[in-house]
Amino acid sequence: MLIRQKAVVMDELHLRRTIMRIAHEIVERNKEVEVLILVGIRKRGVPLAERIARTIEEFESVSIPVGALDITLYRDDLQMVSQRPVVGKTEIKEDIHDRIVVLVDDVLFTGRTVRAALDELIDFGRPRAIQLAVLIDRGHREFPIRADFVGKNVPTSNTETIEVLLEETDGRDGVILCDVYEDEERGKARGEGGRDVGERRAVRRSQRCVRRKGRATAKPGGGKSMVEEKGPGKLKEKGKRKKEKMSKRKGKAKGRR
Amino acid sequence: MVQFNRKNLLGLEELTAEEIELILDTADSFKEISERPIKKVPALRGVTIANLFYEPSTRTRMSFELAEKRLSADTVNFSKATSAVVKGESLRDTAENIQAMKVDVVVMRHSSSGAHRFLSEFLDASIVNAGDGQHEHPTQALLDMMTLRQRWGGFEGKRVTIIGDIMHSRVARSNIWGLTKMGAEVTVCGPTTMMPPMIEQLGEGGITVEYDIRRAIAEADAINILRIQLERQKSRLFPSLQEYFDVYGVTLDVLEAAPREGIVMHPGPMNRGVEIAQEVADGDRAVILEQVTNGVAVRMAVLFLIAGGKTEGDEPAS
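From first to last, the protein sequence lines are chains A and B. With the numbering used here, letter number 104 in the first sequence gets 105, and the count goes up by one each step, no holes. With the numbering used here, letter number 230 in the second sequence gets 247, and the count goes up by one each step, no holes.
If you are wondering where the hints come from, they were derived from the structure by calculation, not from laboratory data. Nothing false has been slipped in among the hints.
The list that follows gives simulated cross-link-like pairs (lysine-lysine, BS3-like), each with its CA atoms no further than 27 Å apart:
(1) B/56 x A/90
(2) A/44 x A/94
(3) A/90 x B/86
(4) B/24 x B/119
(5) A/94 x B/57
(6) B/57 x A/90
(7) B/57 x B/24
(8) B/48 x A/90
(9) B/97 x B/251
(10) B/86 x B/97
(11) B/57 x B/119
(12) B/24 x B/86
(13) A/94 x B/48
(14) B/48 x A/44
(15) A/94 x B/86
(16) B/24 x A/90
(17) B/86 x B/119
(18) A/7 x A/44
(19) B/57 x B/86
(20) A/90 x A/44
(21) A/44 x B/56
(22) B/86 x B/48
(23) B/97 x B/24
(24) A/94 x B/56
(25) B/57 x A/44
Please read all numbers here as calculations on a predicted model, not as lab measurements.
Just need the whole structure built from these sequences, with the hints factored in.
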């Protein structure tokens with residue numbers, strides 16, 4: 002299998018700002034900051050959770066505990082994989098009972114990892130709520146799982162993959178979209194032919210991508226990858242419906258009065 | 018990355034240093050599970066494990082059973098006294114009958130050295146050695162090594178002295194293989210009657226043999242004290258238990274000869290006042306209960322690496 006970079010989804014600065022925004026959204030949604038616990042899913046969810054916690058600490062001046070979850074033993078394909086996955090450490094030192102746990106991961110894809118994480122988490126106690134924060138939502142859900150906080154929605158095809166790079170684990174920050182070639186020879190041939198396209202086009206393409214999705218990501222808690230696929234028309238419609246609902250509610254309140 | 022693709026764990030002699038390292042790393046990760054409010058993970062759901070104990074055991078058997086249960090495996094137990102073995106059934110027949118009931122893993126202790134290798138030739142189920150005769154007791158050595166590694170961080174240049182009945186000890190043999198492969202230096206010490214010939218050639222690169230206990234522990238970073246099998250007293254390997262204690266018993270006085278930070282281990286069950294003095298067993302150098310705790314984690318790691326997956330198939334996306 003060959004993986005070849007196709008486009009830059011986020012550069013260093015963009016990544017930093019996204020983490021900042023997620024941190025603010027988490028605090029906005031959960032007014033009681035003291036009950037928060039961030040739990041990163043190994044391996045890149047852990048440094049992400051640490052960064053979000055640090056950001057919250059900076060502007061709220063409260064210390065947010067951070068835990069780490071290794072979901073290997075809860076995978077639903079454990080008996081199907083040939084190579085024994087390396088089992089990492091799960092470290093949740095705080096009692097999660099009656100706390101609000103925010104699970105943090107780099108990429109939300111099929112939702113199977115999150116399912117496993119939920120199962121593992123409730124073996125540690127009964128939290129008041131569990132929320133999900135991801136840096137990238139790339140669609141293709143196989144389970145009914147949705148993120149509460151999304152850094153960016155990136156619709157992908159099955160032959161693509163998202164690579165999140167973090168200073169702590171990879172030496173640099175950034176998110177890149179890659180092509181996956183099952184057939185290595187074909188991938189090489191393609192890559193050589195397309196080399197003259199250069200990085201500039203790749204960046205331009207990624208910028209287009211950003212523009213297209215700008216609207217959706219600007220909405221707080223916009224974890225709905227489906228929104229882009231529906232297009233701007235439906236988006237408006239949805240907004241209208243919401244307004245109608247609001248006015249209805251107002252009317253009801255008045256009537257009661 | 019190192020992969021563990023073995024079907025059986027028969028001994029440490031056949032493992033590479035990388036494989037041992039992987040087991041110890043995995044065990045480190047598993048240790049935390051036993052501290053959770055719900056001490057159970059679904060990793061071996063649907064896997065059936067039979068515990069065949071042809072020799073009596075408390076620690077190893079309970080440790081294996083707890084490890085199996087904490088991985089959500091289904092377990093069945095067998096002990097010699099209550100089985101058809103007393104009716105004269107052979108080992109092979111017993112094992113094949115158990116396999117016919119669709120068991121995935123067999124954890125076995127047997128008094129004959131090599132019983133596991135013999136079974137592995139015709140069983141489809143995985144076999145984990147829980148001690149065979151005077152040959153190997155791999156999980157005991159692995160838990161000893163896990164305990165040492167937690168203290169030391171690594172084995173390079175460290176010295177371990179094993180004291181006692183080296184001749185009959187499978188714990189000694191597994192420890193010698195494991196420790197020398199990982200780069201530690203091993204010294205064995207015991208009465209000449211309990212020292213097998215050519216023992217100095219065992220392990221990777223050989224070991225040192227010493228008959229004087231104070232000289233043996235003079236540079237030891239760890240001292241592993243073997244149990245004197247009281248049943249052997251009849252075989253006249255030593256004149257009396259008291260005399261053994263006087264010459265090879267580890268007392269506070271003897272420990273004076275060892276480096277200050279040297280730790281004391283014992284695989285259990287202890288004969289207090291025979292191979293180890295009361296004050297040493299309960300002293301602050303002893304890590305004996307830590308070893309027992311680590312035993313569950315090591316056995317979870319071994320069972321997971323052996324039974325936690327299929328032998329073929331693709332790695333699916335996350």
